[in-house]
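Respectively, the protein sequence lines represent chains A and B. Under our numbering, the first sequence is numbered contiguously, ending at residue 130. Under our numbering, the second sequence is numbered contiguously, ending at residue 463.
Just so you know, the hints here were simulated from the structure itself, not pulled from any lab data. Incorrect hints may appear among the rest.
For the chain B half of the interface with chain A, some residues (derived, Cβ under 10 Å), not all of them [unchecked claim]:
(1) 36
(2) 54
(3) 65
(4) 66
(5) 69
(6) 219
(7) 222
(8) 270
(9) 271
(10) 275
(11) 419
(12) 443
(13) 451
Derived Cβ-Cβ restraints for the label pairs, each shown as a range [unchecked claim]:
(14) 367(B) x 105(A): 18 to 24 Å
(15) 105(A) x 84(B): 49 to 55 Å
(16) 416(B) x 117(A): 37 to 43 Å
(17) 117(A) x 409(B): 34 to 40 Å
(18) 117(A) x 232(B): 40 to 46 Å
(19) 355(B) x 117(A): 52 to 58 Å
(20) 86(A) x 409(B): 34 to 40 Å
(21) 355(B) x 78(A): 37 to 43 Å
(22) 258(B) x 114(A): 43 to 49 Å
(23) 281(B) x 128(A): 55 to 61 Å
(24) 128(A) x 80(B): 38 to 44 Å
(25) 73(B) x 78(A): 28 to 34 Å
(26) 316(B) x 105(A): 16 to 22 Å
27 Å max Cα-Cα, derived DSS-like pairs, lysine-lysine [stated by the list, open to error]:
(27) 67(A) x 162(B)
(28) 349(B) x 130(A)
(29) 412(B) x 40(A)
(30) 412(B) x 349(B)
(31) 130(A) x 162(B)
(32) 349(B) x 375(B)
(33) 375(B) x 440(B)
Cβ coordinates follow ideal geometry from the N, Cα and C atoms, glycine included.
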Amino acid sequence: MNERTLRSMLSVFLMSGALAAAFAAPALAGDASAGQSVFKSVCSMCHSNQPGQNKIGPSLFGVVGRKTGSAEGYTYSPANQGANLTWDEATLDKYLIAPRTVIPGTKMTYGGMKDDEKRGNLIAYLATLK
Amino acid sequence: MRMSGYRVGILPLSLVAAMAIAVKPAEAIPAFAQQTGQPCTACHVGAYGPQLTPTGRAFKIGGYTQGGGDGWTASMPLSVMAVTSLTHLNTGYPTGGAPQDFGTNNNPSIDQANVFIGGGLSDHTGGLMQITWQNIGTSYDNFHLDNTDLRPYVTTFSVGGKDLVVGTTLNNTPTVQDPYNTTFAWGYPYVSPNSNLAPAPAANVMLAGALAGNSIGYTAYAQYDGKLYLEAGAYSTPGRWTLARLGNPDSFGSISGAAPYLRGAYEWQWGTNAAHVGAMFMQADINPSTGLAYQTSSATGRNRYADYAADAAYQFLGDGTHIVTVQGIYTYETQNIAAGNAMSGVTSKYTLNQIRANTSYWYKNTYGATLGWQKTWGPVNPDLYGAAGGSANNRPDSNAFIAEADWVPFGKDDSRWAPFANLKLGVQYTAYTQFNGGNKNYDGNGHNASDNNTLMLFAWMIF
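Bound-form chain A, shown alone:
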């Protein structure tokens, strides 16, 4: 096996791995349109999708890429303020499965969204809020 063949095999392996990883993380490839209806039926009671409009929970406008505990005008739990996380898509995915596992003590009492597809769609929709 020469060096070129080895490089080709490695490339195929890595590309396959990357593709597999991409498909294994539906949160990063969701349907934003379907996610909007998930937002409406699950999140909208406590969260607004409008900038600066905090409800029982903070506004989710611009949440993707935001630091935890940083929505202006919202009173966070000390747990959320001290979490020092960035709400990227991977963190949101993990958080939405079990919020109180990722940030113990958060005010958000929601038990979690176990359905991968719904969660992925929701995160895709949240990413459009900017």
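With chain A fixed as given, assemble chain B onto it according to the hints.
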């Protein structure tokens, strides 16, 4: 003829008091927790209904439609409930005078068992329906349709960048649809001694249960930005055929035409605090009961009741470790009593006042203490509050202090068997300084107000 009006006036109010007391516990149901994926603490102070948090109010105003739960149980809209108690009176019933099947004092009882159907049918339609079994006393059929609050259509608009929730209700009890626990259907005390085992004052304002279960209300409401809540609608009485099948006699009387109902409130939320002020109005022309179940008549005249109420509340929720609530409502009622005076054409005009206030403290949504005060007063009123209702001086006055201590072991997000297992164990003491018009010998038969002081131990379960 006057005597006739006297009777039809007083009997319904006594029965009404019984109904109002028996139907209180409800609303917090595990089916809602399953549907939303939230623990009971998200929507209820003390991890148990019915006292609502801001989240609970939003869920109710949203028509019980919010989702978020996982699995097949999220679509299961059924819950069951039971309340059992032990009731001790300061002075028991005389020998032979106890309610049927009960002793003169210290009576254990199964107060009620219930099935709830509740939740969202779609993003825009939801509701809550309670079916109750109860066999203490005779004012009910054993089974009856209890608190019912249907939301045929609710939707949300964005107006000026803020949410405007608009909805409709179809319900069977004035204030059952109200989002605030200052009002009557879900007001403190949330569980009370069965009035067939522990006497309750005869006088009460109309909004406090007179039309509970035996009316049908159609209202429309709107809430803007989570702050301003407005509701308007009307109540009427279903036909006797319908009421008989629903098991709810119109003991107070039937509404002639439609009774207007108006409600307004403004709420502030800051940090982990919430407060509101509100007002309410309802007016009804009532054909009094003839004394027979499901029969009313305006032959001897029709009575007009108008209730004007103002309420306010404050909640500190913190991080759930320490919770404090304060809430109160004042109601002014005008009573134009024509029933029984048809021959003379005279309408007797009276007023009735009532204050209800309470404050509670909860530690970790598990241990709670509540102190309430309920005072009713008004002028001498022989038409409604005479000897037949147990008042020797024809006055409606009563004054009670109601203290309660509770333990709620479940209902938190980390509770075992959450959200299915829910239990509240409590002890409640009601002390009267006035009862049916007086403190001493209020009925002319030697009874004092304090004779009716009641100690109740209760277990309230819902699954």
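To see whether the hints hold, each was checked on the structure:
1. 36: OK, holds: residue 36(B) within 10 Å of chain A, min 8 Å.
2. 54: holds, 5 Å
3. 65: holds, 7 Å
4. 66: Given a least distance of 5 Å, the restraint on residue 66(B) holds.
5. 69: At about 7 Å, which falls below the 10 Å cut-off, the nearest Cβ of chain A leaves the hint on residue 69(B) intact, so it holds.
6. 219: For residue 219(B), the interface hint is violated, since the closest Cβ of chain A sits about 21 Å away, which is over 10 Å.
7. 222: Hint on residue 222(B): violated, closest Cβ of chain A at ~16 Å, above 10 Å.
8. 270: Holds, about 8 Å.
9. 271: Result: holds, 4 Å to nearest chain A Cβ.
10. 275: For residue 275(B), the interface hint is violated, since the closest Cβ of chain A sits about 15 Å away, which is over 10 Å.
11. 419: holds, 9 Å
12. 443: Violated - the Cβ of residue 443(B) stays beyond 10 Å from chain A, reaching only about 50 Å at its closest.
13. 451: violated, 45 Å
14. 367(B) x 105(A): 18 to 24 Å: Given range 18 to 24 Å: holds, Cβ gap about 20 Å.
15. 105(A) x 84(B): 49 to 55 Å: Because 36 Å falls outside the window, the suggested range is violated.
16. 416(B) x 117(A): 37 to 43 Å: This hint is violated: roughly 30 Å between Cβ atoms.
17. 117(A) x 409(B): 34 to 40 Å: holds, 36 Å
18. 117(A) x 232(B): 40 to 46 Å: holds, 42 Å
19. 355(B) x 117(A): 52 to 58 Å: holds, 54 Å
20. 86(A) x 409(B): 34 to 40 Å: holds, 38 Å
21. 355(B) x 78(A): 37 to 43 Å: Cβ of residue 355(B) to Cβ of residue 78(A): about 39 Å, so the range 37 to 43 Å holds.
22. 258(B) x 114(A): 43 to 49 Å: At 48 Å between Cβs, range holds.
23. 281(B) x 128(A): 55 to 61 Å: Hint violated: Cβ distance 45 Å, outside 55 to 61 Å.
24. 128(A) x 80(B): 38 to 44 Å: The hint (38 to 44 Å, Cβ to Cβ) holds, given that residue 128(A) and residue 80(B) are roughly 43 Å apart.
25. 73(B) x 78(A): 28 to 34 Å: holds, 33 Å
26. 316(B) x 105(A): 16 to 22 Å: holds, 18 Å
27. 67(A) x 162(B): Roughly 24 Å between the alpha carbons, so the hint for residue 67(A) and residue 162(B) holds.
28. 349(B) x 130(A): At roughly 63 Å apart (the allowed maximum being 27 Å), residue 130(A) and residue 349(B) break the hint.
29. 412(B) x 40(A): holds, 25 Å
30. 412(B) x 349(B): violated, 51 Å
31. 130(A) x 162(B): OK: residue 130(A) and residue 162(B) at ~17 Å, within 27 Å.
32. 349(B) x 375(B): Cα-Cα ~21 Å, so holds.
33. 375(B) x 440(B): With a Cα-Cα distance of about 17 Å, the restraint between residue 375(B) and residue 440(B) holds, given a limit of 27 Å.
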